[in-house]
Amino acid sequence: MLVLTRKSGDGIRIGDGILVTVLEVRGKQVKIGITAPQDLAVHRDEVYRMIRDQNEMASGAGGLDVGGVKDAWLKLIEEKGSKKDED
Amino acid sequence: MKIKTGRFGEIEVDSSRVIEMRGGILGFEHLKRFVLLVHRENHPFMWFQAVDDGNVAFVVVNPFLFQVPYEPEISDDAVERLSIESEKDVVLLVIVTIRKDPFRVTANLRAPVVVNGKTREGMQVVLEWGDYPVQLSLVDVPVQETPAADPDRREMKISTSLGG
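Chains as they are written, first to last, in this note's numbering: chain G, 1 to 87; chain B, 1 to 164.
Looking at chain B on its own, in the form it has when it is part of the complex:
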């Protein structure tokens, strides 16, 4: 299927890679379908692009790329809503806020986007436990050595390559 986007123009996406959001992204609940766009180039910021509004796209990143203690406890309710059967099927993404000042890049660890990689159902889960920050400064935390193009990255199985 073709989708029109503000940033990437018209892109071709395999309809089997569309992520159906249950409950949606808070504040953007009307947008139910998203695709995860990955750059072929070696950098880990990805785009969570709304299918039905080309102008809405979030920068997301795999939180485990950063060396911060992060053990999000997904509520039973969310596990049930997303029909998650195994931890192995979970794709976890955190939304990144990029500001004009490049040193003020932050990630929202409090409300990750949780996707069942098998069924491609997702939701933004607000974590009840752990007191994780809404604005974790990414400048201040070390990055894992794992190369960004690691084929084992779970999100690769549900993403679409942007190329170039």
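Isolated chain G, as found in the complex:
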């Protein structure tokens, strides 16, 4: 990993399209500005991982086939119905 030391207001260029700027350093937090081409997605790492993991989990659809997914919906509605009855 390349490690660079920068001050508030300094920037780092990655290739010719990406500019990372340190906007503010306060205590334990650093505010960073990122200028990148539109086709590049920029995410907080932990958020990216969380969404990616959820997508991966979702992509299998619980191993269910088309009918299974329909049943899952019907069961969901049924469960809601029985919850309503309890109210």
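Just to be clear, a hint being listed does not mean it is correct.
[Stated by the list, open to error] Lysine to aspartate or glutamate pairs mimicking DMTMM-like chemistry, simulated, CA-CA at most 20 Å apart: (1) B:LYS100 - G:GLU78; (2) B:LYS100 - G:GLU79; (3) B:LYS88 - B:ASP77; (4) G:LYS70 - B:GLU155; (5) B:LYS100 - G:ASP65; (6) B:LYS100 - G:ASP53; (7) B:LYS32 - G:ASP53; (8) B:LYS4 - B:GLU20; (9) B:LYS32 - B:ASP14; (10) B:LYS4 - G:GLU79; (11) G:LYS75 - B:ASP101.
Quick caveat, the hints were computed from the structure, so don't treat them as lab data.
We have chain G already, so just place chain B on it with the hints.
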């Protein structure tokens, strides 16, 4: 055009209904083309099927079917990338995770799939505001009374019917 899928076999899809993903589904960025498949039967789970990998399909649902406060704020950046001119053109879908246990069906409200219904460009947008859950339990929220076959459902304009 014909596409081969793991679940539905070979299906015929109007090529004008292919959704081009900008940035893709996180973790599946290599897949750029999707189609939205809707069952003719009356149930609201739809499939967001990858065109270029028949084995990848996500179950998606219209989030407004559920009575939960949901006012996703789409960033200017996403609006620009998808060339969205009017709120009316936006088709919003959330990805559903179905597990073996039917009572653990959850929806990802934090990162909806946003599609410009006019241009059929889409992307998975991670919402910055609202602190929406990645795993909203669908068992615990009430469903709107609107019938699933409501012709006004915007997603119908960009979907392909699976029939049967």
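Against the structure, the hints come out as follows:
no.	hint	in the structure
1	B:LYS100 - G:GLU78	holds, 17 Å
2	B:LYS100 - G:GLU79	holds, 15 Å
3	B:LYS88 - B:ASP77	holds, 18 Å
4	G:LYS70 - B:GLU155	holds, 18 Å
5	B:LYS100 - G:ASP65	holds, 11 Å
6	B:LYS100 - G:ASP53	holds, 17 Å
7	B:LYS32 - G:ASP53	holds, 19 Å
8	B:LYS4 - B:GLU20	holds, 18 Å
9	B:LYS32 - B:ASP14	holds, 17 Å
10	B:LYS4 - G:GLU79	violated, 35 Å
11	G:LYS75 - B:ASP101	holds, 10 Å
Violated hint for the displayed structure: number 10, the only one.
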